[in-house]
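Residues per chain are reported as follows:
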Amino acid sequence: MSVEIRANWVALQTIVRREVRRYTRIWPQTLLPPAITMVLYFVIFGSLIGSRIGEMGGFSYMDYIVPGLIMMSVITNSYSNVVSSFFSAKFQRSIEELLVSPVSPHVIVAGFALGGITRGLAVAVIVTLLSMFFTDLQVHHLGITVLVISLTATIFALGGLINAVFARNFDDISIVPTFVLTPLTYLGGVFYSINLLPPFWQGLSLANPILHMVNAFRYGILGVSDIRIGVAISFMLAAAAVLYLVCVRLLQSGRGMRQ
Amino acid sequence: MSTALSIRQLTKTYGNGFQALKGIDLDVAEGDFFALLGPNGAGKSTTIGILSTLVNKTSGTVNVFGHDLDRDPAGLKRCLGVVPQEFNFNQFEKAFDILVTQAGYYGIPAKVAKERAERYLNQLGLWDKRDVSSRMLSGGMKRRLMIARALIHQPRLLILDEPTAGVDIELRRSMWSFLTELNREGITIILTTHYLEEAEQLCRNIGIIDHGQIVKNTSMRELLKQLHVETFLLDLKESQLVAPQLDGYPARLVDDHTLEVQVEKSQGVNELFRLLASQGIEVLSLRNKTNRLEELFVSLVENNLQKVAP
Chain B
1 MSVEIRANWV ALQTIVRREV RRYTRIWPQT LLPPAITMVL YFVIFGSLIG SRIGEMGGFS
61 YMDYIVPGLI MMSVITNSYS NVVSSFFSAK FQRSIEELLV SPVSPHVIVA GFALGGITRG
121 LAVAVIVTLL SMFFTDLQVH HLGITVLVIS LTATIFALGG LINAVFARNF DDISIVPTFV
181 LTPLTYLGGV FYSINLLPPF WQGLSLANPI LHMVNAFRYG ILGVSDIRIG VAISFMLAAA
241 AVLYLVCVRL LQSGRGMRQ
Chain R
260 MSTALSIRQL TKTYGNGFQA LKGIDLDVAE GDFFALLGPN GAGKSTTIGI LSTLVNKTSG
320 TVNVFGHDLD RDPAGLKRCL GVVPQEFNFN QFEKAFDILV TQAGYYGIPA KVAKERAERY
380 LNQLGLWDKR DVSSRMLSGG MKRRLMIARA LIHQPRLLIL DEPTAGVDIE LRRSMWSFLT
440 ELNREGITII LTTHYLEEAE QLCRNIGIID HGQIVKNTSM RELLKQLHVE TFLLDLKESQ
500 LVAPQLDGYP ARLVDDHTLE VQVEKSQGVN ELFRLLASQG IEVLSLRNKT NRLEELFVSL
560 VENNLQKVAP
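Note that the protein sequences, when read in sequence, are chains B and R.
In terms of this note's numbering, the first sequence is numbered consecutively and its last residue is 259.
In terms of this note's numbering, the second sequence is numbered consecutively and its last residue is 569.
The hints are simulated quantities; they were obtained by calculation from the structure and are not laboratory data.
In this text the structure is predicted, and so the values were computed from the model without any measurement.
Fair warning: there could be bad hints in the mix.
Stated by the list, open to error - Here are the computed lysine-lysine pairs in the DSS-like style, where the Cα-Cα straight-line distance is at most 27 angstroms:
1. R:Lys524 - R:Lys496
2. R:Lys475 - B:Lys90
3. R:Lys548 - R:Lys496
4. B:Lys90 - R:Lys496
5. R:Lys373 - R:Lys475
6. R:Lys475 - R:Lys496
7. R:Lys524 - R:Lys548
8. R:Lys388 - R:Lys373
9. R:Lys388 - R:Lys353
10. R:Lys401 - R:Lys373
11. R:Lys548 - B:Lys90
12. B:Lys90 - R:Lys524
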């Protein structure tokens with residue numbers, strides 16, 4: 001391994017370790033709230049209301065919404081981890097520690113993204129374990145399940161990084177989660193099948209990228225989906241690649257960080 | 260001796276049109292202890308910002324130990340340690356973790372990083388505070404932590420942007436001896452400071468920057484030679500109502516016990532004391548009114564101001 005590659009490998013490990021240390025140190029703010037929120041969803045929507053709804057897609061309503069709720073936690077947590085970590089580094093100017101060092105922009109992007117991905121996946125594991133108190137979860141296709149959840153976490157971690165680069169104050173890092181991610185997630189088939197919608201709204205829903213992610217993950221767990229899995233995974237791979245390149249380009253330009 | 264830093268025709272124009280640097284040339288030799296002085300807004304921090312890559316230059320070249328900023332920024336950064344003016348570390352991290360993390364960014368394995376962190380925290384008197392969150396440290400401790408952080412990758416060129424600002428005199432002097440020791444070990448140091456006594460005490464060479472231009476770049480000794488007149492304050496034993504007539508020495512009373520006298524370098528002070536003694540005036544003590552470098556600095560900057568004024 002060349003000196004350059006070894007140095008970047010150590011730097012990557014350092015950034016990831018620091019990110020993991022950050023969100024585990026403040027676990028009551030990062031890992032506990034999604035657990036509580038999802039238990040409430042399981043109790044209210046799954047047990048109380050779900051028992052009156054009956055089956056959806058051939059499964060009990062509780063079984064049907066569990067994959068969507070896991071994805072909802074992954075999306076929220078991978079995004080918010082990176083956006084808050086990177087923006088506070090900008091705000092405190094500790095980002096300068098990285099900028100003055102010889103770390104490549106690729107390593108910085110990968111390091112922050114991996115921090116967000118690991119938090120998203122850690123929350124996914126917690127929520128999955130909690131869901132087992134409410135349902136007997138079976139995995140239909142492990143490979144697709146792991147691939148889809150990893151790609152989703154990657155996409156939203158990178159999205160969080162872009163948001164943080166452009167953000168100028170703390171309001172700017174809450175606008176996208178509040179006004180974009182939350183509506184798209186709720187309308188992304190977490191709680192219902194789009195087959196229940198009139199044709200126009202079904203067509204419109206297909207333009208929601210989160211619908212494809214949720215359904216691809218649901219296919220991995222339950223084996224049912226409203227969309228074509230191949231298309232969804234291709235879209236996610238392309239989105240992850242494009243977002244990664246945008247992040248690297250932003251860091252190279254120093255936008256919002258260098259004068 | 261090789262060149263540690265070479266800057267050629269460096270310019271920086273900010274987005275609002277303000278031209279912070281107007282084509283500066285600067286060379287700092289390896290092993291030097293160099294003072295970069297200038298009034299507020301002169302371009303010191305912009306120059307340091309460009310060196311540390313936190314400010315994008317408009318034009319010109321920067322070379323650190325043979326590494327060109329445009330062609331080999333990673334190589335340049337490995338040679339460079341920067342202590343910025345403002346605190347820029349994570350306020351929630353522990354002092355020890357800040358150093359080990361910074362070392363990791365330079366590709367230094369954790370084991371080596373921990374050994375170095377221990378060494379520098381000990382040298383800078385912070386070992387007892389290693390597990391303290393950095394926001395809980397005093398201002399002086401934070402400054403020392405930034406010095407330790409800048410040294411963790413063992414740079415060949417250390418740039419300190421007002422490292423002793425707001426630091427008490429005792430700590431300042433201990434930092435001076437630490438920096439002198441570092442320089443003796445071979446680290447080239449560039450220092451910006453508003454304490455001109457500090458620059459005079461520590462630095463061998465000096466560059467004065469004003470309005471984005473280098474107005475003086477010479478050795479400290481040469482610069483101080485240019486000082487023709489020094490102003491002394493004499494503490495008098497007896498109260499005086501009017502300033503005494505001292506032939507060749509312009510004098511005025513600051514208060515009834517303090518006399519201010521201007522002495523040309525060629526005159527010396529023996530004759531002054533003889534004149535005072537002949538008038539029965541007894542002097543208790545003698546001191547410079549201002550630091551010698553300060554007098555020169557003010558005159559150079561004032562001259563430059565007259566040149567650039569519309």
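query: Can you name, in rising order, the numbers of the hints this structure does not satisfy?
result: Violated hints: 2, 4, 5, 6, 11, 12; rest satisfied.
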